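There are 2 protein chains.
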Amino acid sequence: MSEEKKQGLTPISELGEFGLIEHLTGNNFSVNNSTVKAVGDDAAVTDHENDVTLTSTDMLVEGVHFDLSYMPLMHLGYKAAIVNFSDIYAMNGHPKQLLVGVAMSNRFTLESIEEIYQGIYAACKQYGVDLVGGDTTSSTSGLILSMTVLGSAEEKDVVYRSGAKPTDLLVVSGDLGGAYMGHQILEREKQVFKANPNAQPELKGHEYILEKQLKPEARKDVIETLAGLGIKPTSMIDISDGLSSEILHICKQSEVGCRLYEEKIPVDESVYKICEEMNLNATTIVLGGGEDYELLFTAPIEDHKKIETNPNLTIIGHITEAEDGVNMVTRGDQLIELTAQGWNSFDKE
Amino acid sequence: MSEEKKQGLTPISELGEFGLIEHLTGNNFSVNNSTVKAVGDDAAVTDHENDVTLTSTDMLVEGVHFDLSYMPLMHLGYKAAIVNFSDIYAMNGHPKQLLVGVAMSNRFTLESIEEIYQGIYAACKQYGVDLVGGDTTSSTSGLILSMTVLGSAEEKDVVYRSGAKPTDLLVVSGDLGGAYMGHQILEREKQVFKANPNAQPELKGHEYILEKQLKPEARKDVIETLAGLGIKPTSMIDISDGLSSEILHICKQSEVGCRLYEEKIPVDESVYKICEEMNLNATTIVLGGGEDYELLFTAPIEDHKKIETNPNLTIIGHITEAEDGVNMVTRGDQLIELTAQGWNSFDKE
Chain A
1 MSEEKKQGLT PISELGEFGL IEHLTGNNFS VNNSTVKAVG DDAAVTDHEN
51 DVTLTSTDML VEGVHFDLSY MPLMHLGYKA AIVNFSDIYA MNGHPKQLLV
101 GVAMSNRFTL ESIEEIYQGI YAACKQYGVD LVGGDTTSST SGLILSMTVL
151 GSAEEKDVVY RSGAKPTDLL VVSGDLGGAY MGHQILEREK QVFKANPNAQ
201 PELKGHEYIL EKQLKPEARK DVIETLAGLG IKPTSMIDIS DGLSSEILHI
251 CKQSEVGCRL YEEKIPVDES VYKICEEMNL NATTIVLGGG EDYELLFTAP
301 IEDHKKIETN PNLTIIGHIT EAEDGVNMVT RGDQLIELTA QGWNSFDKE
Chain B
350 MSEEKKQGLT PISELGEFGL IEHLTGNNFS VNNSTVKAVG DDAAVTDHEN
400 DVTLTSTDML VEGVHFDLSY MPLMHLGYKA AIVNFSDIYA MNGHPKQLLV
450 GVAMSNRFTL ESIEEIYQGI YAACKQYGVD LVGGDTTSST SGLILSMTVL
500 GSAEEKDVVY RSGAKPTDLL VVSGDLGGAY MGHQILEREK QVFKANPNAQ
550 PELKGHEYIL EKQLKPEARK DVIETLAGLG IKPTSMIDIS DGLSSEILHI
600 CKQSEVGCRL YEEKIPVDES VYKICEEMNL NATTIVLGGG EDYELLFTAP
650 IEDHKKIETN PNLTIIGHIT EAEDGVNMVT RGDQLIELTA QGWNSFDKE
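So the sequence lines, in the order shown, correspond to chains A and B.
Under this note's numbering, the first residue of the first sequence is numbered 1, with each subsequent residue one higher.
Under this note's numbering, the first residue of the second sequence is numbered 350, with each subsequent residue one higher.
Hint data in this document are derived by calculation from the structure and do not stem from the laboratory.
Mixed in with the good hints, there may be bad ones.
Unchecked claim - Facing chain A, from chain B, some residues (calculated, C-beta under 8 Å):
id, residue
1, D390
2, T486
3, T489
On a predicted model such as this, the values are computed, not experimentally measured, just so you know.
Glycine included, every Cβ here is placed at the ideal spot set by N, Cα and C.
Construct the complete structure from the given sequences, taking the supplied hints into account.
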């Protein structure tokens, strides 16, 4: 009898690949008209009719993008899905279908993969997305998730990274730095636990930033708000890597410069507090730390009033001519050049 | 100086994720009108207009799906792409766009990832597919490829696994078992090499089956032939796992039975020869061995003549009522039930 069996768990090999997919997707039903055929054939069939299709794909690798010692599997499934939905919102579109690839080693049981799928289904339900396909396979080590999302938008509504113009406002949703600081707290408690397995993790008071790290949301509401306000951003990107890196993407692809104001950057009080505790600079965290999944966009200066009065949006700077460079005005009124110090998975090797 | 540098190779970390993607996709241009925006934004934008979109995703994991000790990286890239194109042909559609995810450990250099992309681009060129997006990340061990293909078809032309009817003909393209036997030869020579590193691999005379394993093709030509002959299959699937498993998929989803004739199964002379040499049964190989990427389909009996006279197609049986079961008539005129003995990645753990 295998170790799993003894514990009342089911080894994956017992179901085989097809049994597993059937088990995981058997109760799956679609909510979108554009889903013609979901799981169960060589390919999913979708029809976005007069809309264009937006497609984005992401891989999440254990030990690089997540650490299962503090990331519950259900949260992992949820986060892996919304990270992809966020890419579609960043195009000013709506996610409609999701394809899930899972590669896992034999230390994972049926029950563990079910937990991941519970998170994926919860995200799909929350955002009105249909699970339409995927691939399940074994890996020689660890867990790898590969997510592909299909979204739709009217072609005229699609927002690229390349449309920013001088004098445009630079705007961000929500607040920044929380996800990175949540990660710092989890890492700190992991080290404490390693040193003393009887220690209880000190997570109290950090609920906001832990949620930003462990259960982030994609800003569907912001896309809806913008539509409601009649604002079409001239460029947009989601903040997966860090504010600095994302601003540089927009400036490079739009061939413009930018002036960011340090004092305008929205940072939650709890991030300042923990930064102080850990002797870190909050602005550095925001510029370089990733995974906030807030939206960064540019909008014509005429939209100033509509944006300024919205509690979910903050104007943090403005676009300039390319020759003016990409700079931040510090609290001390110094001008410093922004460099790509965003999160890069290859640095971790 | 790193080991790579000394050898004139470039460590991936030198470029970073964005530099790498730019490097790999900088000279990329699109050939399909349906590609609105390829690489370089949060999502690819495609417009299949009045056609439906077919989407399929696959993960290929080092040590599970491929062995780099005998699979050249360029061939791997090519194969990973055509495996996905094959899924679209199996829906009677045409692949149009490809998204590539690559996760790799730091033992891979820029030059090695370039080789993979060379293979991917070669496949895209051969099949008229645009590379429109992807994700490149590090992995803690080994190489993982995740491919997502978008295809298009008129909705009325899409062929599912579920449309087979009693009396339909069961038809297969090309010949079977070659890819599996190619794999056997490569494994044999690997063991010989391990025992004696000075031994030269004996691959002569095995060119056909080695090509079926190392550089398989997707049967675009068969889809075109069927369209030319005015045949719309009632069901279709590509043979990625093994004939037995694929027949069972069609029968299960179509709620029918099947009678397969052993003597009709097309097997190349070289497969018989090497089976004899290795004391293997060719029919067992064909039923259980995968990766041939031929198309298996059912068609109305009225199309008998058109199919029978085509050199690329072989009628290997016919569909029956469900209660008759899924059986093979052996050369010795025995009736044996087909079971799912196809290739299953979880068996390899």
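Hint-by-hint comparison with the structure:
no., hint, result
1, D390, "5 Å, holds"
2, T486, "5 Å, holds"
3, T489, "4 Å, holds"
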